[in-house]
Amino acid sequence: MLNNKLKYTLASLTLSMSTFAQDAAEAVAEVAPQNTTSGFKDIIFGGGAVGIFIWVLILLCSLGMLAFIIDSVLILNREKILPAHLQDAVEDSLNDGDLESAIAACEETPSPLSNILLAAFANIAEGYDVIQDSVSSAADLENEKILQRINYLNVFGQMGPMLGLLGTVSGMVGAFAGLANMTGAAKASFLAQQISIALWTTVAGLLISIPALLGYTLARNAAIKITIETQSTVLDLIKKLKDAEVDEEEYEDEEEYE
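When you line the sequence shown up against mature numbering (1 follows the signal peptide of the UniProt record, and there is no 0), it's residues -21 to -1, 1 to 237, in that order.
Rather than coming from a laboratory, the hints here were simulated on the basis of the structure. Here a beta-carbon is modelled for each residue, glycine too, at the ideal position from N, C-alpha and C. Treat the hints with care, since some could be wrong.
Simulated restraints, written as ranges between beta carbons of each label pair [stated by the list, open to error]:
(1) Glu86 <-> Phe32: 20 to 30 Å
(2) Ala167 <-> Ile23: 18 to 28 Å
(3) Glu123 <-> Met151: 20 to 30 Å
(4) Phe32 <-> Ser175: 41 to 51 Å
(5) Ile189 <-> Asp21: 40 to 50 Å
(6) Ile23 <-> Glu70: 38 to 48 Å
(7) Glu58 <-> Ala156: 49 to 59 Å
(8) Glu87 <-> Lys218: 38 to 48 Å
(9) Leu78 <-> Leu42: 26 to 36 Å
(10) His64 <-> Val182: 27 to 37 Å
(11) His64 <-> Leu185: 41 to 51 Å
Okay, derived cross-link-like pairs now, BS3-like style, lysine-lysine, Cα gap no bigger than 30 Å in a straight line [what the hints assert, rightly or not]:
(12) Lys20 <-> Lys219
(13) Lys166 <-> Lys59
(14) Lys20 <-> Lys124
(15) Lys124 <-> Lys59
(16) Lys218 <-> Lys204
(17) Lys219 <-> Lys124
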């Protein structure tokens, strides 16, 4: 009798394991078609109209970031801001006491250096202290002009992660909404795949933000450095105006004494 019970138990266990294996195989067969790697088309078009619109914004943001990185490199060209030939021309003219030639050289070579020099020359009759103030104000203005264009890199650096987060959130909203039509083990697979697709927008946003913020920091520091150097160069050049002013005052004092 014990043997019969043991046989019955083994038969029941074998049947249960067979049923479990069959159910597991059906579950795997049901999940397998859903457990596929998301392709480029699924990533771009998987989020619907809203997802496509966000990807378009991300693309435009990336193009803008690249454009302003190139623009920053171009505007920070040392020869455009601080032309060596203009320095030599102004220095030679001031050494000869020819202020008109120095002004003409500045007008022929438009640049931040020439703008600052012209501001100094425009106040030459007001004294050296006023000239220094005008140079400082003109240098701040030129620096601000450069930074206004560089600041767009900071804007794109801030927009990238925000657009990525927006795409991820909207994708997750669509993923959870789609669970209503799913049943069984397919729910987990569907949710994982949709969240994976949604997270790609965050990745794209960070790929925009990191180089944009890095470029902004480097360009801003370079702009400040070259503006300070330009201001220092102008002050060195107009020292001759201070010497001329002192000589003129001494000459006037001598005339009054006589």
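How the hints compare with the structure:
Between Glu86 and Phe32 the Cβ separation comes to about 50 Å, which falls outside the hinted range of 20 to 30 Å. Checked against the hint of 18 to 28 Å, the C-beta distance between Ala167 and Ile23 comes to roughly 24 Å, which is consistent with it. At about 42 Å, the beta-carbon gap between Glu123 and Met151 misses the expected band of 20 to 30 Å. About 20 Å separates the C-beta atoms of Phe32 and Ser175, a value inconsistent with the hinted range of 41 to 51 Å.
The supplied range of 40 to 50 Å is broken by Ile189 and Asp21, whose beta-carbon atoms lie about 25 Å from each other. The beta-carbon spacing between Ile23 and Glu70, approximately 59 Å, falls outside the hinted interval of 38 to 48 Å. Roughly 58 Å separates the CB atoms of Glu58 and Ala156, a value that falls within the hinted 49 to 59 Å. Judged by the Cβ atoms, the range 38 to 48 Å given for Glu87 and Lys218 is violated: they are separated by roughly 23 Å.
Judged by the Cβ atoms, the range 26 to 36 Å given for Leu78 and Leu42 is violated: they are separated by roughly 48 Å. For the hinted restraint 27 to 37 Å between His64 and Val182, the CB-CB distance of approximately 48 Å leaves it violated. Separation of His64 from Leu185 is about 44 Å and conforms to the stated range, judged on CB atoms against 41 to 51 Å. Between Lys20 and Lys219 the alpha-carbon distance is near 68 Å, which puts this suggested pair outside the 30 Å criterion.
Taking the CA atoms of Lys166 and Lys59, the gap is near 61 Å; set against the 30 Å cutoff, the hint is violated. Note on Lys20 and Lys124: the hinted pairing is violated, with a Cα-Cα distance of about 43 Å set against a maximum of 30 Å. A hinted pair counts as satisfied when its Cα atoms are at most 30 Å apart, and Lys124 with Lys59 qualifies at roughly 14 Å. A threshold of 30 Å between alpha carbons decides the hint, and for Lys218 with Lys204 the separation of about 22 Å falls inside it, so the pair holds.
Note on Lys219 and Lys124: the hinted pairing holds, with a Cα-Cα distance of about 28 Å set against a maximum of 30 Å.
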